[in-house]
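**Q** Kindly produce the complete structure, drawing on both the sequences and the hints.
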Amino acid sequence: MATEVDRHVKLEIENGVGWITLNRPEKMNAIGAVTRRQLAEAIKQADRDDSVRVLVLTGTGRAFSSGADVTEMVDMPMLSRLRTMAKPVIASMNGPAVGIGASFALACDIRIATPESYLMEAFVNIGLAPDGGVSWLLPRLAGTGIAYEMFFTGKPLQAVDAARLGVINRLVPAERLEAEVRELANELATQPRLAMAAAKRAVNYALESSFDEALEFESYLQEAQTASPEFAEGVQAFLARRSNKSNK
Amino acid sequence: MIPTMAYEHILVEVEPPIATITLNRPKVLNALSPELIREVTAALAELERDDEVRAVVLTGGPKVFAAGADISDMADRTAVEQLNRDQTGAWASIASFSKPLVAAVSGYALGGGCELVLMCDLVIAGDTARIGQPEINIGVIPGAGGTQRWPRTAGKYAAMEIVLSGAPVTARRAYELGIVNKVVPAEMTIEIAKRTARQLAEKPPLALRMAKEAVLRSFETPLTEGLAAERQSFYFLFATEDQKEGMHAFLEKRKGAFKGR
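Residue numbers (the numbering used here), protein chains in the order written: chain A, 1 to 248; chain B, 1 to 261.
Be aware that one or more of the hints could be misleading.
BS3-like cross-link-like pairs, simulated, lysine-lysine; straight-line CA separation at most 27 Å [as the list claims (entries may be wrong)]: (1) B:Lys63 to A:Lys200; (2) A:Lys44 to A:Lys200; (3) B:Lys27 to A:Lys44; (4) A:Lys200 to B:Lys182; (5) B:Lys63 to A:Lys44; (6) B:Lys203 to B:Lys156; (7) A:Lys10 to A:Lys44.
Okay, the calculated beta carbon distance ranges per label pair [to be verified]: (8) B:Leu216 to A:Asp161: 56 to 62 Å; (9) A:Val203 to B:Arg77: 46 to 52 Å; (10) B:Ala92 to A:Asp49: 45 to 51 Å; (11) B:Glu176 to A:Glu41: 41 to 47 Å; (12) B:Ala79 to A:Ser80: 40 to 46 Å; (13) B:Arg77 to A:Pro229: 38 to 44 Å; (14) A:Gly127 to B:Pro222: 55 to 61 Å; (15) A:Asn15 to B:Glu176: 50 to 56 Å; (16) A:Ser80 to B:Ser72: 31 to 37 Å; (17) A:Glu223 to B:Arg152: 32 to 38 Å; (18) B:Arg261 to A:Ala232: 53 to 59 Å.
Derived from the structure by calculation, the hints contain no laboratory data.
The beta carbon of each residue, even a glycine, is placed where N, CA and C say it ideally should be.
**A** Have a look at this one:
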């Protein structure tokens, strides 16, 4: 199994950052049955490993992922896991993300992409409906108009347009992508982890709630955070900085 | 804190005006053995008599509520043995506890754990809660009220889904089905349930008791009978000091202080 894992999906942990790399460049990182199994395993492992404070999902070669073999589509609990795991997940889009590949990019919390990359929902071209959660994800990230245009035409949403719409957080030239993602991931790896996890819980709760329900849930999360050592340390650090400044 | 009798499988914490019962068999995910249920009913009987306690929280702690019964203890039993043990008959006194019972549910509440939740009056669920009746998967059906209380609470179709499929539902779905009052971050579940119990504990105890009885009676009686009983309780409460205090406090724009008299 170990060699199989090496071939399709890599999980490397470095300074609190887990890097999951789709590693079949010759197949444009297509997600077939083997890749899917290995990816699920890598995501689960990264989720459970407390030494992983931030997760990055990326691909080797020209594509982020060219999607699935159409004969192998099934439900994907790992997409839910990406959205709900208690740590930030960054998609480092080194190239096009198509079909289920786009789903993986869109299920991440943050997307950083090269200008040459794009998102594409090609299902319609082979007579299929969109899947992999994009009917939920894309309208929320891009609005229904853009989502429908992509679903109806099967044409790509270029990274530049996606960035303008806020679907992609920012564009970075290919040669600097890894360094910039690393910089962000390393930064997040030093942020208070419970506070970041609380932010994800709050957002995920709010996405299925009324405003008043979200307000109440937030207030309880905040109450739990104020009792956490993270908050005590944060306040102490803040006061220390302020007294440093006033001494100058 | 008032010391209570010693229990082996539960913790009882009395902090007037509330008390908290914690199912405490963490190694077996709070599996509901007959001994544990006996202790819960004994503790409730004790709290029933304690006038200082006006509402009770029932919880399994921060990780799990209760993942059902002890299957290893049941697997090879005969029907007659089960009948004679009448394991679930002992649960009746939990459902008839007269003071408000607030469930604090984090993690799994499955099988008997789920049925225990259905006997409570209010349910605070952590976002990690998973609630269901998986009995069907091992060749039996719920035996402590699941097939009766689910439809009475969430309706036929939700009940059928829960009882026939055996698949647990998330806290959010349980909230939508109306068997959870509030979904909160898991680590806050017990605290919010205690807060809820304290709020109820400020209410006039006799009115609370009559109100709880009346609501529970609605599941047992035809409407006309239920309405008649409700009216009688309503009139009866005018014989209490708390009614005089409550109404005068309202007119005087102050908070009522209730004594349960």
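**Q** Please go over all the hints and tell whether each is borne out by the structure.
**A** Verification of the supplied hints:
1. B:Lys63 to A:Lys200: holds, 20 Å
2. A:Lys44 to A:Lys200: holds, 17 Å
3. B:Lys27 to A:Lys44: holds, 24 Å
4. A:Lys200 to B:Lys182: holds, 19 Å
5. B:Lys63 to A:Lys44: With Cα atoms ~20 Å apart, Lys63 of chain B and Lys44 of chain A stay inside 27 Å; holds.
6. B:Lys203 to B:Lys156: Judged against 27 Å, a Cα distance of about 33 Å means the pair is violated.
7. A:Lys10 to A:Lys44: Given pair Lys10 of chain A, Lys44 of chain A holds - Cα atoms ~13 Å apart, limit 27 Å.
8. B:Leu216 to A:Asp161: 56 to 62 Å: holds, 59 Å
9. A:Val203 to B:Arg77: 46 to 52 Å: holds, 48 Å
10. B:Ala92 to A:Asp49: 45 to 51 Å: Between Ala92 of chain B and Asp49 of chain A, where Cβ atoms are some 47 Å apart, the hint holds.
11. B:Glu176 to A:Glu41: 41 to 47 Å: At 32 Å between Cβs, range violated.
12. B:Ala79 to A:Ser80: 40 to 46 Å: Cβ of Ala79 of chain B to Cβ of Ser80 of chain A: about 42 Å, so the range 40 to 46 Å holds.
13. B:Arg77 to A:Pro229: 38 to 44 Å: For Arg77 of chain B and Pro229 of chain A the Cβ distance comes to about 49 Å; the hint is violated.
14. A:Gly127 to B:Pro222: 55 to 61 Å: holds, 57 Å
15. A:Asn15 to B:Glu176: 50 to 56 Å: violated, 42 Å
16. A:Ser80 to B:Ser72: 31 to 37 Å: holds, 33 Å
17. A:Glu223 to B:Arg152: 32 to 38 Å: Taking Cβ atoms as reference, Glu223 of chain A and Arg152 of chain B lie about 34 Å apart, which means the hint holds.
18. B:Arg261 to A:Ala232: 53 to 59 Å: violated, 46 Å
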